[in-house]
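Q: Okay, here's what each chain looks like letter by letter:
Number of protein chains: 2
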Amino acid sequence: MKLTPTVQRCILHWGEMAGRWGVSRSVAQIHALLYLAPQPLTADEIAETLAVARSNVSVSIKELQQWDLVSVTHVLGDRRDYFQARKDIWEVIAVIMDGRKKREIDPTVQTLRECVADGKRDHETPEEVKERIASMLEFIEELSGWYEQIRAMPRPTLLKLMRMGTKVAKVIG
Amino acid sequence: MKLTPTVQRCILHWGEMAGRWGVSRSVAQIHALLYLAPQPLTADEIAETLAVARSNVSVSIKELQQWDLVSVTHVLGDRRDYFQARKDIWEVIAVIMDGRKKREIDPTVQTLRECVADGKRDHETPEEVKERIASMLEFIEELSGWYEQIRAMPRPTLLKLMRMGTKVAKVIG
DNA sequence: TTTAACTTTCAGATATTCCTGAAACAACGG
DNA sequence: CCGTTGTTTCAGGAATATCTGAAAGTTAAA
Numbered sequence: 003m004k005l006t007p008t009v010q011r012c013i014l015h016w017g018e019m020a021g022r023w024g025v026s027r028s029v030a031q032i033h034a035l036l037y038l039a040p041q042p043l044t045a046d047e048i049a050e051t052l053a054v055a056r057s058n059v060s061v062s063i064k065e066l067q068q069w070d071l072v073s074v075t076h077v078l079g080d081r082r083d084y085f086q087a088r089k090d091i092w093e094v095i096a097v098i099m100d101g102r103k104k105r106e107i108d109p110t111v112q113t114l115r116e117c118v119a120d121g122k123r124d125h126e127t128p129e130e131v132k133e134r135i136a137s138m139l140e141f142i143e144e145l146s147g148w149y150e151q152i153r154a155m156p157r158p159t160l161l162k163l164m165r166m167g168t169k170v171a172k173v174i175g
Numbered sequence: 003m004k005l006t007p008t009v010q011r012c013i014l015h016w017g018e019m020a021g022r023w024g025v026s027r028s029v030a031q032i033h034a035l036l037y038l039a040p041q042p043l044t045a046d047e048i049a050e051t052l053a054v055a056r057s058n059v060s061v062s063i064k065e066l067q068q069w070d071l072v073s074v075t076h077v078l079g080d081r082r083d084y085f086q087a088r089k090d091i092w093e094v095i096a097v098i099m100d101g102r103k104k105r106e107i108d109p110t111v112q113t114l115r116e117c118v119a120d121g122k123r124d125h126e127t128p129e130e131v132k133e134r135i136a137s138m139l140e141f142i143e144e145l146s147g148w149y150e151q152i153r154a155m156p157r158p159t160l161l162k163l164m165r166m167g168t169k170v171a172k173v174i175g
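Residue numbers (this note's numbering), protein chains in the order written: chain L, 3 to 175; chain Z, 3 to 175.
Everything labelled a hint here was simulated from the structure, so no lab data went into it.
In this text, all values refer to a predicted model and were calculated from it rather than measured experimentally.
Treat the hints with care, since some could be wrong.
Since the list can't tell identical chains apart, any single copy or any two copies may satisfy a pair.
Straight-line C-alpha distance at most 25 angstroms; calculated DSS-like pairs for lysine-lysine [said to hold, decoys possible]:
| no. | residue 1 | residue 2 |
| --- | --- | --- |
| 1 | K64 | K122 |
| 2 | K64 | K89 |
| 3 | K89 | K122 |
| 4 | K64 | K4 |
| 5 | K132 | K89 |
| 6 | K103 | K162 |
| 7 | K103 | K89 |
| 8 | K103 | K122 |
| 9 | K169 | K103 |
| 10 | K122 | K4 |
| 11 | K4 | K132 |
| 12 | K172 | K162 |
| 13 | K104 | K64 |
Just need the whole structure built from these sequences, with the hints factored in.
A: Shown next as structure tokens:
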């Protein structure tokens, strides 16, 4: 499949940002391609278009499916898998953010809880330090809880909240 | 400096999460150490405590200073630099989030704007695809703008907002 | 059961990132 | 102005992460 320069640029940029977003370049490029593609693509088309190994496509797509960002469809009389990406950008971002929270925040909360628990039995560590760990845990938990509540809000409500911006301050004042 | 097991565990965990957070292991460990340490430490103490090369400490501390997470103090009659970390966890997290937004979001917004601009001149790319790029840009800009407004809110207001959780829905209904 | 089309696995090659240690550099006291 | 103490730079080595391609696995039609 031939890419237009504009699309190519998007895909390349996605690939460059991949590292910072915690996924490999291939995964990001494939996701960008499927997200932009007007119709579902086969693994072979993807490999050819992006010039990456066929096996790389398999592995990457598997990861994208685990993220629940890509799904499979089929064409009558064709055994090949046709892959398509979630098109609703709101959902895409939400899925990515959930994933990052799960991988980056939750394990830390877990560890900090254990550290705080350890602290009860530990008489070497200065109180001041234990308190610092505890307050860090508390704050992260609070942020984390807020995120979950925001996520649980219906989309129109959240949109309204976002559009209000700092004006909410007046309302909740 | 000898670390208590609880503190050691925190520091090791920080180091493990480092990769996912976009910094090197050393930077994360040094930050954790300075954050928890009751008093400022010299570069030599840090190197010895964490068993990393002295030069590594220099480079890492420089990075932490650029992030504005670590500062220098001095002791009368001692030429050495004593390093200390920001202790206010709220600020620490805010600084980190700002940095990540700057490195992970802003360049993408920039590129997407250019892609959308390119699209005007580009008659190869299907309209559907151009629209998808545009709506992605729009949504990311909206999220990004919201983040900035939230950041601009005074801390007590933000705290109140967080504690309200989904209850804001009723107020802004 | 065989064949052909498709997909996945995985060991090794490649690329990237990170860390070390030696050497250069800077600043101060004597 | 020299020696001491402290800091930084950077080339090369070590550790990770990523990608490839050949081989094995799967499935469905004949």
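Q: For every hint, state whether the structure bears it out.
A: A quick look at each hint next to the structure:
1. K64 <-> K122: neither (44 angstroms within a copy, 35 angstroms between copies)
2. K64 <-> K89: Classified as within: same-chain Cα gap 18 angstroms, cross-chain 42 angstroms, threshold 25 angstroms.
3. K89 <-> K122: The answer is between: 22 angstroms across copies meets 25 angstroms, while 49 angstroms in one copy does not.
4. K64 <-> K4: Answer is within: at 24 angstroms inside a copy they meet the 25 angstroms cutoff, but 45 angstroms across does not.
5. K132 <-> K89: Cα proximity of K132 and K89: across copies only (13 angstroms, versus 46 angstroms in one copy).
6. K103 <-> K162: both (24 angstroms within a copy, 23 angstroms between copies)
7. K103 <-> K89: both (22 angstroms within a copy, 23 angstroms between copies)
8. K103 <-> K122: Result: close neither inside a copy nor across copies, 28 angstroms intra and 37 angstroms inter.
9. K169 <-> K103: Result: close only across copies, 23 angstroms inter versus 27 angstroms intra.
10. K122 <-> K4: So K122 and K4 pass the 25 angstroms test across copies only (19 angstroms; inside, 63 angstroms).
11. K4 <-> K132: between (59 angstroms within a copy, 16 angstroms between copies)
12. K172 <-> K162: This pair counts as both: shortest intra-copy Cα distance 15 angstroms, inter-copy 12 angstroms.
13. K104 <-> K64: Within one copy only: 19 angstroms inside a chain, 30 angstroms across chains, cut-off 25 angstroms.
Of the hints listed earlier, those the structure fails to meet are numbers 1, 8, in rising order.
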